[in-house]
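**Q** What follows is each chain in one-letter form.
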Amino acid sequence: MPQTAGTLDSQQKTTSRRPAGTLYRGNTGMWSWVLHRITGVAIFFFLLVHILDTALVRVSPEAYNAVIGQYQTPIMGLGEVALVGAIVFHAFNGLRIILIDFWNAKYQRVLFYVVIGLWVVTMLGFAPRHLINVFSH
Amino acid sequence: MTSTIEAPRSPYTRSTKKSGVNWEKWGWIYMRVSGVVLVVLIFGHLFVNLMIGEGVSALNFAFVAGKLTNPFWMVWDVIMLWLALIHGGNGMRTLVNDYATSRISRGILKVAILVSVVALITLGTLVVFTFDPCPAGAPADLVASFCKSL
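Sequence lines, in order, name chains A and B.
Residue numbering for the first sequence follows UniProt numbering, beginning at 1 and increasing consecutively.
Residue numbering for the second sequence follows UniProt numbering, beginning at 1 and increasing consecutively.
Keep in mind the hints are simulated off the structure, nothing from the lab.
Source: prediction; values computed, not measured.
There could be a bad hint or two in this list.
Sample of chain A residues with no beta-carbon within 12 Å of chain B, all distances over it, derived [said to hold, decoys possible]:
1. Thr28
2. Gly29
3. Trp31
4. Asn104
5. Lys106
6. Tyr107
7. Gln108
8. Val110
9. Gly117
Looking from chain B toward chain A, a few residues come up when the C-beta cut is under 7 Å (computed) [as the list claims (entries may be wrong)]:
10. Val39
11. Val56
12. Leu123
13. Val127
14. Ala138
Computed Cβ-Cβ distance ranges for the label pairs, DEER-style [stated by the list, open to error]:
15. Tyr30/B x Met30/A: 20 to 30 Å
16. Leu78/A x Phe72/B: 23 to 33 Å
17. His137/A x Ala100/B: 38 to 48 Å
18. Leu48/A x Lys148/B: 32 to 42 Å
19. Gly137/B x Val67/A: 13 to 23 Å
20. Tyr107/A x Thr125/B: 37 to 47 Å
21. Ala105/A x Phe43/B: 17 to 27 Å
Cβ coordinates follow ideal geometry from the N, Cα and C atoms, glycine included.
Please take these sequences and the hints and turn them into a complete structure.
**A** Below is the structure:
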């Protein structure tokens, strides 16, 4: 029954891996969205902690220096690379979302690779310098 | 005799109330406007605190005192505080709406987000504007050098 087979084929086409009309299902559109959410949550919880630790300047110089000293340890130094990596991705991908919304959505895929490229360049500028500051003290 | 049959699967229509603010639209706009400003403010913050000089190793009470006695950095930090917390709180609200399945858990989580954001905006703003760079009785080696001339 070739007719039935043809119908099944066309139905499978409508549930294809790249449905029309959405950027956010599958491939770069979806994974950039997933990463945007994960980095956003991580940055939010860091922000809560960071405001509390900075508020210690209002308690005493000793209290603030004790907690900022923790930020200068090797393990936290590596954590700061991860934090800055999350912030830089969220920042560049956020600008990509704005360009998709206000300029042209058809460039979303190439813009994702621009985001990744800018992220690599920024992290190459940041990570070595930061790690030297952390591990040479 | 004729009877009216509703069209199957009639399209979803929004309520046609004329008045009222579309808060979701303004939230959507806020995320984009504050996002652009935050890219500048946070990249600047990270550059000055982590890249210049010895970076994170140079941070201490005296460093913060130098920044929080400068009106430029006070304004910078307070704008960054307000924009970032509201941006983050609204983002977390979006996730709660997406992933918290019961009405009660959504309510509890969104109240918790609101309380955290309001408390930390209040705390952070008070810290910036009531900061004392030279607290009485503080050891001279922990405070900024300009405290000696007081």
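**Q** Taking each numbered hint in turn, which are not upheld by the structure, reported in ascending numerical order?
**A** The structure breaks none of the hints.
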